[in-house]
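Position chain B against the provided structure of chain A, taking the given hints into account.
There are 2 protein chains.
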Amino acid sequence: MDIHLQKNSMRKDVVLLAILILTSLKIFAQQGNIKGFSTKTAATQLQLEKSFDQQLSAANIGKTIKELSAKPHHLGSAQGKLVAESIQQKFKEYGWDAKIETYHVLFPTPKTRLLELTEPSKFTALLKEQALAEDATSGQDGQLPTYNAWGADGDVTGALVYVNFGLPDDYETLEKLGISVSGKIVIARYGRSWRGMKPKIAYEHGAIGCIIYSDPKEDGYYQGEPYPIGPFKNEHTVQRGSVMDMVVYPGDPLTPNIGATKNAVRIDRSKAETILKIPVLPISYHDALPLLSALDGLVAPEEWRGALPITYKIGAGKAKVHLKVASNWDIVPAYNVIAKIKGSEYPDQWIIRGNHHDAWVNGAADPISGLAAELEEAKAIGLLVKAGYKPKRTLVYCAWDGEEQSLLGSTEWVEDHTDELRKKAVAYINTDGNGRGFLEAGGSHALEQLVDGIAKEVPDPLSGVSIFERRKAKGIVSATSSAAKRSLIKKDSLTLGALGTGSDYSAFLQHLGIPSLNLGFGGEDEGGEYHSIYDSYDNYVRFKDKDFVYGVALAKTAGRAVLRLADAEVLPFDYTNLYQTVGNYVSEVSKLATQLKENYAVENQLISEGRYQYASDPATPYLAPKKNPEVPDFDFSKLNSALDSLKKSTAKLALASSNVIDNLPENVENVENVENVQRAQRAQRSQLNTVLFQAEKQLLNPEGLPHRPWYKHTVYAPGFYTGYGVKTLPGIRESIEQGNWETANQQIEIAAQSILNLSTYLNTALNK
Amino acid sequence: MDIHLQKNSMRKDVVLLAILILTSLKIFAQQGNIKGFSTKTAATQLQLEKSFDQQLSAANIGKTIKELSAKPHHLGSAQGKLVAESIQQKFKEYGWDAKIETYHVLFPTPKTRLLELTEPSKFTALLKEQALAEDATSGQDGQLPTYNAWGADGDVTGALVYVNFGLPDDYETLEKLGISVSGKIVIARYGRSWRGMKPKIAYEHGAIGCIIYSDPKEDGYYQGEPYPIGPFKNEHTVQRGSVMDMVVYPGDPLTPNIGATKNAVRIDRSKAETILKIPVLPISYHDALPLLSALDGLVAPEEWRGALPITYKIGAGKAKVHLKVASNWDIVPAYNVIAKIKGSEYPDQWIIRGNHHDAWVNGAADPISGLAAELEEAKAIGLLVKAGYKPKRTLVYCAWDGEEQSLLGSTEWVEDHTDELRKKAVAYINTDGNGRGFLEAGGSHALEQLVDGIAKEVPDPLSGVSIFERRKAKGIVSATSSAAKRSLIKKDSLTLGALGTGSDYSAFLQHLGIPSLNLGFGGEDEGGEYHSIYDSYDNYVRFKDKDFVYGVALAKTAGRAVLRLADAEVLPFDYTNLYQTVGNYVSEVSKLATQLKENYAVENQLISEGRYQYASDPATPYLAPKKNPEVPDFDFSKLNSALDSLKKSTAKLALASSNVIDNLPENVENVENVENVQRAQRAQRSQLNTVLFQAEKQLLNPEGLPHRPWYKHTVYAPGFYTGYGVKTLPGIRESIEQGNWETANQQIEIAAQSILNLSTYLNTALNK
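As they're listed, the protein sequences go chains A and B.
Under the UniProt record's numbering, the first residue of the first sequence is numbered 1, with each subsequent residue one higher.
Under the UniProt record's numbering, the first residue of the second sequence is numbered 1, with each subsequent residue one higher.
Pulled out of the complex, with its shape left as it was, chain A reads as follows:
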């Protein structure tokens, strides 16, 4: 509420108002130590954070990683249950109220896996990683075999076609070359898109099976020495992983929108949209080499070629493969560990923190390294609480199960607790596997200033400069032009990435509109262990965060976010950042439309003028490209005018936020007046805080995105054809990209309305 503008609703005497204004102006100058805190409370908070840091132990993080990654502990395994129980036990030891919430989720595990080249020669794929003496856990029992969960059962034989990364663009290229994958089996390399997109898009183009392999170009000797000499994929390493169509909805395929409780009403498996329709299998480059070598036909375009010592060809000719996959389609328990410390002042405002605990195999890096940091935070906070600290808001620390199978544990929990979370969840802070290097931070842009403030305080553990400075320097040095470098040098605040999917924030952010963050360190810890038997403690201490100091840095970063959100007088949300970022997105989609119109027009001109024909090799048959549809002029004016409104509202909100910080006016001598001031401020703050953390929900569209109603956020979503990769303003952007002009126009209206809703919501709340 903006006290400068409010006359009707404020029933205070003039003196009080004058004091408030004076105070506000003073605060406006002094504030800034910590966003959301007054000078005085900021000092207390900084002291608290200092004490917090002192409790964090790198050695203990290492111990936790070793302990929890000691054995394979995937969803549904006995070891998985033991890990969950051990985490619960730790929370309890740390003084938290911890319980396990169990859901019952579908989980396919392999029964049959067969891949063989049948023509022009014979080869049977090994489908097996190798135990190594250098990696103590690599030969353990209980490992899930190499496979992709959620591919269909199937037994298919067909001509093999190499489809590069299996992106929509790759199929456009194939079409231009006159090659169809219909009735054939495709082989795609890992990379560029989330793995689940590859079989989905293959199926949309008529393929009957999909093989995904790790090319040494992206993930093997081309990048560096293979394991165990270096950290990169050796010839037998395989990336497991889910291929669920999670961009439609994540979580248990049988219980969309509801928690997968014991007695939840389940849909029939055959009706589950997110289970694929064709069999899929991931393979190593050892297994891929004979298949790719057998391909004939056209030489693959230059950008399609990997690092195997062969001429990459497209195939669709003589080479044939037989692919047989069958799974056990069992319902298994998923154990979420939920630990709480009740808030002293606002018990119904929840700061939620999470990291999954399940792994594909041992998962030392993914997810245990992130979980160990979270547990270290919980330990430190527990100790602070024992020493008298009382967080104002309730802390909810979670360890999710079944993340690897596409966010099963977190999604089911969120769906199960929807009503409560809608009311109480202030923010969700996620981490996942952690590494070494630079702060990687994505999330709701209203939280950008919070993360900026934290990043400027947390030191990089090896270099000593702040993690902000390192991230900024990396950005500058990586920029490809001097102009870009100059502009990054000038920018002295952190930019949050937008969130797609790939970890447990999706249900919070994209389904319920709960402001979310995803944090971690990386960039100096490359390797190929991801989702393989080599994601082990032995690997982690050689190639990742060997002294666990980035584990501590992560705990400091995420812990500060938790503590500041827990104790802020005014919640550290700033919707000006969100407004600016959305403004950039609107410019982007508008340019996208203009550029597409221009590109299509030029392409069509080239086609009609015969340019493609003249440029093509006359010695080979010419395939005329298809003409592109005409792109209409989209009207972004409503979106821009909604943005104008939002700009005004966010400016008012920013002013109101800075005005209600509790700071005793130094020159007020009348005690009664001081108390009045404080009481008034508390009331304002309480109201304002609710406004702040509920505001992002205004950006949800209850209908959800086109073809995927589960995803309701109009600003952030995983891409329908990129998977993990985010699409901002997804309804508009993807409709344009996919050529659905009518839908694009509707989505412009919807996005404009949601932005206007946010603006109106802020205005109304401030005017109360």
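No lab work stands behind these hints: they were computed from the structure.
Model, not experiment: these values are computed from the prediction.
Hints are not guaranteed to be accurate.
Since the list gives no way to pick out one identical chain from another, each pair is judged satisfied if it fits inside one copy or across any two copies.
[Unchecked claim] List time: in silico BS3-like cross-link candidates among lysine-lysine, alpha-carbon distance up to 25 Å:
(1) Lys40 to Lys342
(2) Lys474 to Lys597
(3) Lys490 to Lys627
(4) Lys81 to Lys63
(5) Lys652 to Lys63
Using the frame of chain A, we list chain B on its own:
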């Protein structure tokens, strides 16, 4: 001479002047069928070209290729002499006056070649290509072994360092990584720069030996199927080639600036600047693999990695090699075949046409495919002459020897005939190996309109559309943005590339300033046979221009250029094109300076602000980058003002050229007047033609370029560190690139003066 502006020097009566003006205006509207011809003479010329085309036989071109590439015929070989004599014989049969002009040139051939890995394991390189049943000539006697001519004799052992392409930038990268090649042996891959640059730059950085290998990424299975299945390099194929420092001067190293006649005064071999100071050896990827696999140290940067199935590392550690090379440094005869048909009207204006005849081995593609086209032109012209055709200007058809050793034959001939060529040479038209695909045309920009006119008339032999349309379409389709495509669609005239070096035009263009063209077809005939034993007839008919129809297209193109230059009433030079192109070059170098200043300033800021340090991995030792020098503001105003003058002069010249075309005024009845008109026009034309073909020499600087006085053209030169790759306005551009600010300023003055010289020359000539 511009008749509209000239009053003093023209002593004609007013009637004549009026007729001339009327005629000119009329021509101005009608002209355009062929540049340099009147409507009437254009019709005759078109008829001549039609007859010319009818004499061209694809079958005969194929026969010539087969015959002349039947055996290895390098410089100094007995077979080379037989080939020269056979060419002379053909010219004679075709009715030309043909002789052999012999020069005596230094030519090193291998005596000893040894390359072995000595540590950490042993491997001796094969240094041998394999005879193949699929390639009839691949096992013949008389092949030159795989080697690089002009490397020093030497016997060196040292640590091996991988230097990527061996470009100056690659050594900057090594310096940033803290790696020196001093006292070590480097291994560089072929590509990106001319091969001779690699050992030269290695030597400048202290290396004691240089190995050059063909990586399968650029030239092997990565590009397509290896030979003999496909056309690309197999594991044993080696690219031979000269590594002479020909960017200092090409031709015989012992006779710079003078013809290497029998009794020419030779410098001592040890004084010859263009012979390298370290031993060099080219190897196959079969031989390179064990060497590269043995390297330890840092993983090579991503853009350094090739397509061998290894982790590319930089080395400079444990891996050591022993390299021993010794040559026979013999003086051998180089046989240039020179054939002439004397001009009927202007016998002292020479149209020179050339292609070399020597090969590294059999050379079916390089150079015989181009030579066969030239011989086919000579045959056709001979037949036309027998049928009564009389070229106005003298035709000089040349077949050069010793091109492969760095333009020995052509350079010595030009140096030997300097005075005569300065007076008589109108233009030089070069071809070399010919392939299949798109017209590749480079040369003096004054000849751009000539080539444009020809390219619009010659049909692509396979598709039937003009070679201009195919080239244009390829350019449009290859452009990477819609804006670039649109701008290329609009541009309806051909753009000539600028010439660096790599074939026999260098002495003509860059030493003497004779307007030159280099023509050929390519782009649809990729392969790895270049300078190997597989550049054979068998290879050519499978993978190059199998029906020899692009040989005919080349003869049509180059033949038209010859015939039009021979018979034009006004020589088809247009300096407006040259002015515009040089204007673009001036913009480029000016932007280059500005961008370098900005880049260096930003880099220095990053260094002083510690950004590189913060962005670097704190777990590895930090190497502080060196600060860059400050780049001054260069003053390009003289250059720009010279360009302004040139603009005016070229506009006047263009008008004068179009005004003096011979066209009988239809309404002139008085015969005497007609004769007067014709006489006056002939006088004008004669004078104008000399102006036109001598003008480019004004762009020469008698002092030559910095550190290489042989290269005198201020607009075009091979790059000092790129080799074949052209540098336009080389004095300015290279001084800026190399950080020689003072030289850059001097070179701006020099270039401005040469442009002003051209402008003044044109003005003076026109005012006579």
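In ascending order, which of the hints set out earlier in this document are inconsistent with the structure?
Hint check: 5 fails alone, others pass.
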